[in-house]
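Once you've looked at the hints, dock chain D against the given chain U.
Number of protein chains: 2
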Amino acid sequence: MAFKKVSRIKIPDATIRRLSLYDRCLEGFLKSGKKVVSSSDIARKCGTNPAQIRKDFAYFGEFGVRGVGYYVENLQGDIKRALGIDRSWNCALVGAGNLGFALLGTDSLAKRGFKISAIFERDPILVEMGSFQGIPLYPMEEMVRVIPELGIQIGIIAVSPDSAIKVALKLTDAGVRGILNFTPTTIKVPPGIILKNVDFAIDLEGIAFQLNNE
Amino acid sequence: MAFKKVSRIKIPDATIRRLSLYDRCLEGFLKSGKKVVSSSDIARKCGTNPAQIRKDFAYFGEFGVRGVGYYVENLQGDIKRALGIDRSWNCALVGAGNLGFALLGTDSLAKRGFKISAIFERDPILVEMGSFQGIPLYPMEEMVRVIPELGIQIGIIAVSPDSAIKVALKLTDAGVRGILNFTPTTIKVPPGIILKNVDFAIDLEGIAFQLNNE
Numbered sequence: 172m173a174f175k176k177v178s179r180i181k182i183p184d185a186t187i188r189r190l191s192l193y194d195r196c197l198e199g200f201l202k203s204g205k206k207v208v209s210s211s212d213i214a215r216k217c218g219t220n221p222a223q224i225r226k227d228f229a230y231f232g233e234f235g236v237r238g239v240g241y242y243v244e245n246l247q248g249d250i251k252r253a254l255g256i257d258r259s260w261n262c263a264l265v266g267a268g269n270l271g272f273a274l275l276g277t278d279s280l281a282k283r284g285f286k287i288s289a290i291f292e293r294d295p296i297l298v299e300m301g302s303f304q305g306i307p308l309y310p311m312e313e314m315v316r317v318i319p320e321l322g323i324q325i326g327i328i329a330v331s332p333d334s335a336i337k338v339a340l341k342l343t344d345a346g347v348r349g350i351l352n353f354t355p356t357t358i359k360v361p362p363g364i365i366l367k368n369v370d371f372a373i374d375l376e377g378i379a380f381q382l383n384n385e
Numbered sequence: 172m173a174f175k176k177v178s179r180i181k182i183p184d185a186t187i188r189r190l191s192l193y194d195r196c197l198e199g200f201l202k203s204g205k206k207v208v209s210s211s212d213i214a215r216k217c218g219t220n221p222a223q224i225r226k227d228f229a230y231f232g233e234f235g236v237r238g239v240g241y242y243v244e245n246l247q248g249d250i251k252r253a254l255g256i257d258r259s260w261n262c263a264l265v266g267a268g269n270l271g272f273a274l275l276g277t278d279s280l281a282k283r284g285f286k287i288s289a290i291f292e293r294d295p296i297l298v299e300m301g302s303f304q305g306i307p308l309y310p311m312e313e314m315v316r317v318i319p320e321l322g323i324q325i326g327i328i329a330v331s332p333d334s335a336i337k338v339a340l341k342l343t344d345a346g347v348r349g350i351l352n353f354t355p356t357t358i359k360v361p362p363g364i365i366l367k368n369v370d371f372a373i374d375l376e377g378i379a380f381q382l383n384n385e
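Protein sequence lines correspond, in order, to chains U and D. Residues 172 to 385 in our numbering are what the first sequence spells out, letter by letter. Residues 172 to 385 in our numbering are what the second sequence spells out, letter by letter.
The following block holds chain U by itself, in its conformation from the complex (with noise of 0.2 Å):
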């Protein structure tokens, strides 16, 4: 079996979101030997519950086999593919700042398959390093020459927040298709752009309200 490719069917963001979950418990589960799991089994190493699994996991079709549970290796290779990250992504990173330059340390997006391939920035003496960790730095004005010769899909925005509108024009012109916006400006794009906001404090405000409600 494996997950369809998904066609008309609007699936929720926070279903989205839960696969990703999921796969980083069949990590967890690959690495400590696991070969078959139950909805139950996942449920509890990811905080949910199997009701919950089972209906997300429906959205992209029958899986698992009745009375013995999910082959973790199948299922994660099948929740890969279903969020399009059983390839590697290009991105630019636009802004050679502390943000920036604390997602360059990670290797947790390329782990995932984010390959920053190019970053882009304002600073003329940042330029004149021309890369930083074998990556190529560039003025922000080679973004429309680099990002299709590249063939750069995905843009992260690591900028001040005042030039974030201005960068995200320059972005889609240059042909990137999603944009990750780390700055608190609000952005619009053209249709058919995926715009994703990352906001700190939204899950400071989920610790906060669970607080607040013990």
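Keep in mind the hints are simulated off the structure, nothing from the lab. Keep in mind that this is a model prediction, so the values were computed, not measured. Hints should not be assumed to be uniformly reliable.
[Said to hold, decoys possible] Subject to a maximum C-alpha distance of 25 Å in a straight line, what follows is the list of computed SDA-like cross-link-like pairs (lysine to any residue): (1) U:K282 <-> D:G268; (2) U:K226 <-> D:S203; (3) U:K181 <-> D:A222; (4) D:K205 <-> U:I358; (5) D:K216 <-> U:D333; (6) D:K341 <-> U:Q381; (7) D:K216 <-> U:F371; (8) D:K282 <-> U:L382; (9) U:K367 <-> D:L382; (10) D:K367 <-> U:G276; (11) U:K359 <-> D:S211; (12) U:K202 <-> D:I336; (13) U:K367 <-> D:V369; (14) U:K367 <-> D:G284; (15) D:K367 <-> U:N384; (16) U:K202 <-> D:K337; (17) D:K226 <-> U:N383; (18) D:K181 <-> U:N384; (19) U:K202 <-> D:V369; (20) U:K181 <-> D:P183; (21) D:K226 <-> U:P183; (22) U:K359 <-> D:S203; (23) U:K337 <-> D:E198; (24) D:K216 <-> U:P361; (25) U:K226 <-> D:N368; (26) U:K226 <-> D:K282; (27) U:K216 <-> D:R215; (28) D:K226 <-> U:N368; (29) D:K359 <-> U:E385; (30) U:K216 <-> U:G204; (31) D:K181 <-> U:A214; (32) D:K337 <-> U:K226; (33) U:K286 <-> D:N384; (34) D:K367 <-> U:D212; (35) U:K359 <-> D:F371; (36) D:K367 <-> U:P361; (37) U:K367 <-> D:R215; (38) D:K337 <-> U:G218.
Relative to the frame of chain U, chain D by itself:
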């Protein structure tokens, strides 16, 4: 009307995340001078649907005025109270590296009521600076004294992945009730402690999913 204090009912994490988003949308309405909105208005601005909004709000009891809609200011106040961000939360940042500085460099946490009152850092040379942007810098060993003294409830872990577990232990020993973990390390916390993990790759996976299914 007011949002009821939540008791036994388990409110989905996704609802809590959406409350945070609704709050941000209402902020936008307020800025543009809009006083009354419908659930359709909120839905359009937040990229969700009116039924979802009514369902999310229903966890907190009755509100809105039939045939009129929601008073923006009241609704925002209710949401903030529900989330527990009608007050401020004292936080400690652990790790004065690139990510730590990036977090300190943005006012988006402070704006949402999360005040970083102390920074803990391993590197004695950094600690010698004494403070950063007016926030006192302490060596790790001071956690157990400083955290109760300043009434810090939430610890933000922005250290290298290999020290995350030790730091989480120190934080809970010192008395924090919530932890936001920016490292990819899996942390276990004692019962009653709220833990959230920030994973930048999850948002990228959401983008990949959508690009893959266009």
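To see whether the hints hold, each was checked on the structure:
For the given pair, K282 of chain U sits about 21 Å from G268 of chain D by alpha-carbon distance, which is consistent with the 25 Å threshold. As the CA atoms of K226 of chain U and S203 of chain D are separated by approximately 40 Å, the hinted pair breaks the 25 Å bound. Between K181 of chain U and A222 of chain D, the direct Cα distance comes to roughly 15 Å. Compliance with the 25 Å bound is thereby established for this hinted pair. Of the supplied pair hints, the one linking K205 of chain D and I358 of chain U holds, its CA atoms being roughly 21 Å apart against a limit of 25 Å.
Straight-line distance between C-alpha atoms of K216 of chain D and D333 of chain U comes to about 21 Å, which keeps the hinted pair within the 25 Å bound. As the CA atoms of K341 of chain D and Q381 of chain U are separated by approximately 21 Å, the hinted pair is consistent with the 25 Å bound. Among the hinted pairs, K216 of chain D with F371 of chain U is consistent with the structure: their alpha-carbon atoms are about 20 Å apart, no more than 25 Å. Proximity of K282 of chain D to L382 of chain U is assessed by CA-CA distance (about 19 Å); at most 25 Å being required, the pair is judged to hold.
Taking the CA atoms of K367 of chain U and L382 of chain D, the gap is about 12 Å. The hint holds against a cut of 25 Å. As the CA atoms of K367 of chain D and G276 of chain U are separated by approximately 21 Å, the hinted pair is consistent with the 25 Å bound. Of the pairs offered as hints, the one joining K359 of chain U and S211 of chain D holds, with about 19 Å between alpha carbons and a cut-off of 25 Å not exceeded. Restraint check: the Cα-Cα separation between K202 of chain U and I336 of chain D comes to about 19 Å, which is no more than 25 Å; the hinted pair holds.
Between K367 of chain U and V369 of chain D, the direct Cα distance comes to roughly 15 Å. Compliance with the 25 Å bound is thereby established for this hinted pair. Only pairs whose Cα atoms come within 25 Å are accepted, and K367 of chain U paired with G284 of chain D is accepted, the gap being roughly 23 Å. For a cut-off of 25 Å, the pair hint linking K367 of chain D to N384 of chain U stands: about 16 Å separates their Cα positions. Proposed proximity of K202 of chain U and K337 of chain D is supported: the alpha carbons are some 22 Å apart, at most 25 Å.
Taking the CA atoms of K226 of chain D and N383 of chain U, the gap is near 21 Å; set against the 25 Å cutoff, the hint holds. Restraint check for K181 of chain D and N384 of chain U: the C-alpha separation of about 11 Å stays at or below 25 Å, so the hint holds. Proposed proximity of K202 of chain U and V369 of chain D is supported: the alpha carbons are some 22 Å apart, at most 25 Å. The hinted pair formed by K181 of chain U and P183 of chain D meets the criterion: a straight-line CA distance of about 19 Å does not exceed 25 Å.
Of the pairs offered as hints, the one joining K226 of chain D and P183 of chain U holds, with about 15 Å between alpha carbons and a cut-off of 25 Å not exceeded. The straight-line distance between the Cα atoms of K359 of chain U and S203 of chain D is roughly 17 Å, inside the 25 Å bound, and the hint therefore holds. Under the criterion of a C-alpha separation no larger than 25 Å, the hint pairing K337 of chain U with E198 of chain D is consistent with the structure, at around 23 Å. As the CA atoms of K216 of chain D and P361 of chain U are separated by approximately 16 Å, the hinted pair is consistent with the 25 Å bound.
In summary, the hint linking K226 of chain U to N368 of chain D is supported, as the alpha carbons are separated by about 24 Å, within the 25 Å threshold. Annotation: proposed proximity of K226 of chain U to K282 of chain D is violated, straight-line Cα distance about 37 Å (limit 25 Å). Pair hint K216 of chain U plus R215 of chain D does not hold up; C-alpha atoms about 36 Å apart against a cutoff of 25 Å. With a C-alpha separation of about 24 Å, the suggested pairing of K226 of chain D with N368 of chain U holds against the 25 Å cut-off.
With a C-alpha separation of about 19 Å, the suggested pairing of K359 of chain D with E385 of chain U holds against the 25 Å cut-off. The straight-line distance between the Cα atoms of K216 of chain U and G204 of chain U is roughly 15 Å, inside the 25 Å bound, and the hint therefore holds. Restraint check for K181 of chain D and A214 of chain U: the C-alpha separation of about 16 Å stays at or below 25 Å, so the hint holds. This hinted pair does not check out: K337 of chain D and K226 of chain U have alpha carbons roughly 37 Å apart, beyond 25 Å.
Between K286 of chain U and N384 of chain D, the direct Cα distance comes to roughly 20 Å. Compliance with the 25 Å bound is thereby established for this hinted pair. Of the supplied pair hints, the one linking K367 of chain D and D212 of chain U holds, its CA atoms being roughly 21 Å apart against a limit of 25 Å. Of the pairs offered as hints, the one joining K359 of chain U and F371 of chain D holds, with about 21 Å between alpha carbons and a cut-off of 25 Å not exceeded. For the hint pairing K367 of chain D with P361 of chain U, the CA-to-CA distance comes to about 33 Å; that exceeds 25 Å, so the pair is violated.
Proximity of K367 of chain U to R215 of chain D is assessed by CA-CA distance (about 16 Å); at most 25 Å being required, the pair is judged to hold. A hinted pair counts as satisfied when its Cα atoms are at most 25 Å apart, and K337 of chain D with G218 of chain U qualifies at roughly 23 Å.
Of the hints listed earlier, those the structure fails to meet are numbers 2, 26, 27, 32, 36, in rising order.
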